[in-house]
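So the protein lines, in turn, are chains X and G. Using this note's numbering, the first residue of the first sequence is number 1, and each one after it goes up by one. Using this note's numbering, the first residue of the second sequence is number 1, and each one after it goes up by one.
Hints should not be assumed to be uniformly reliable.
Here are a few chain G residues that face chain X, going by a calculated C-beta distance under 7 Å [what the hints assert, rightly or not]:
id: 1; residue: P160
id: 2; residue: I161
id: 3; residue: L164
id: 4; residue: S165
id: 5; residue: L167
id: 6; residue: S168
id: 7; residue: V171
id: 8; residue: S172
id: 9; residue: V175
id: 10; residue: R176
Straight line, CA to CA, 30 Å or less: simulated DSS-like cross-link-like pairs of lysine-lysine [what the hints assert, rightly or not]:
id: 11; chain 1: G; residue 1: K83; chain 2: X; residue 2: K16
id: 12; chain 1: X; residue 1: K16; chain 2: G; residue 2: K84
id: 13; chain 1: G; residue 1: K189; chain 2: G; residue 2: K11
These are computed hints drawn from the structure, not numbers from a lab. Beta carbons are placed, not taken as given, at the ideal position from N, Cα and C, and that holds for glycine.
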Amino acid sequence: MNDQSHDDKLKAFSQKLEQFENPSTSSDSSETIAKQNTLGIGFRVGVELAAGIAIGCGLGLLIDHYFDTSPWGLIVLFFLGSAAGFLNVYRAIGKMGYSVGYKEEKPNQPSSD
Amino acid sequence: MASPIEQFEIKPISGLDFTLLGYDISFTNSALWMALAVIASTLLLTASMGRGSLVPSRWQNVAEMLYEFIANMVQDNAGQAGKKYFPFVFTLFMFVLLGNLLGMIPYSFTYTSHIIVTFALAMMVFLLVTLIGIIRHGFHFLSFFVPPGVPFYVMPILVPIEILSYLSRPVSLSVRLFANMMAGHTMLKVFAGFSVSLGVVFGLAPLAINVALVGFEILVAFMQAYVFTILTCLYIKDAIELH
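Chain X extracted, bound-state conformation (with noise of 0.2 Å):
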């Protein structure tokens, strides 16, 4: 072995140990999510559409039980909680990361690495 690749071997050795030791925190969460295969995504999609139309109906439901104003209370929480699962969806898809409430755009941090 010679004394270059040692050097070079030396230097990227070094490199990951910074990096180890700085860990770059810009990598981005939904990235992980969007690569996933397209079964896995249009599963993913029909739960959270599920999702948020069961809940409505579920809370419309409950609140027509509690409060006596049947049916309004299933009508209009069916038509919100269908609105949350488009919403779900949207988010799910578009790299949002599942995050409710909406993001402010945030310039492009460079990344270290």
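The hints should help you fit chain G onto chain X, whose structure is shown.
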């Protein structure tokens, strides 16, 4: 022929069926496999790390890989402030992963294929995330449901939608895990049933499919544990940062 969903039946283990104040608190097959998962993960993470040698043995390597995998996931997805919650996230990951993987052993029971188990886990995440948000931000947490830069006359519609979207998190989190596990195990059983009823010669084709499905199911077991954990990290990040 056994029904494909017979495997999900919860039975008390004979001799361990108790009642307390009118409630059935039997030690069931589900509870048994949960206990086994806890024991197995504790053993895996303590016994294999016992010597903590610099050159890791195989088991130590497994334990270190799992630990680092989740540590990096928390670091990348929940940020520096989220590191506090690493023990919770790691425990959750190990419990789900071992539930999924132990379920692959023939004659075992997959507790993650029951919606009540996954819903309890998801509810735990949901309550924790909400608590983190309220403790860290107090009343300001409610701004979570008010998108910035929206005209006030849209608020009456948008805020309920945001709240419903937030409430649907535990549902989608739990249904995803439960449906994947249940569908996979039912499929395995259906194809196994084909093998039995078609006899030795023609039964080989469903058997071959089943071999592939077992591999696929192990992939799904990892994937779903991963997805469950990464979403927990993202939710924790949301609660910490409040965008």
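Results of checking the hints against the structure:
| no. | hint | verdict |
| --- | --- | --- |
| 1 | P160 | 5 Å, holds |
| 2 | I161 | 5 Å, holds |
| 3 | L164 | 4 Å, holds |
| 4 | S165 | 4 Å, holds |
| 5 | L167 | 5 Å, holds |
| 6 | S168 | 4 Å, holds |
| 7 | V171 | 4 Å, holds |
| 8 | S172 | 4 Å, holds |
| 9 | V175 | 5 Å, holds |
| 10 | R176 | 5 Å, holds |
| 11 | G:K83 - X:K16 | 22 Å, holds |
| 12 | X:K16 - G:K84 | 25 Å, holds |
| 13 | G:K189 - G:K11 | 19 Å, holds |
In summary, this structure violates none of the numbered hints.
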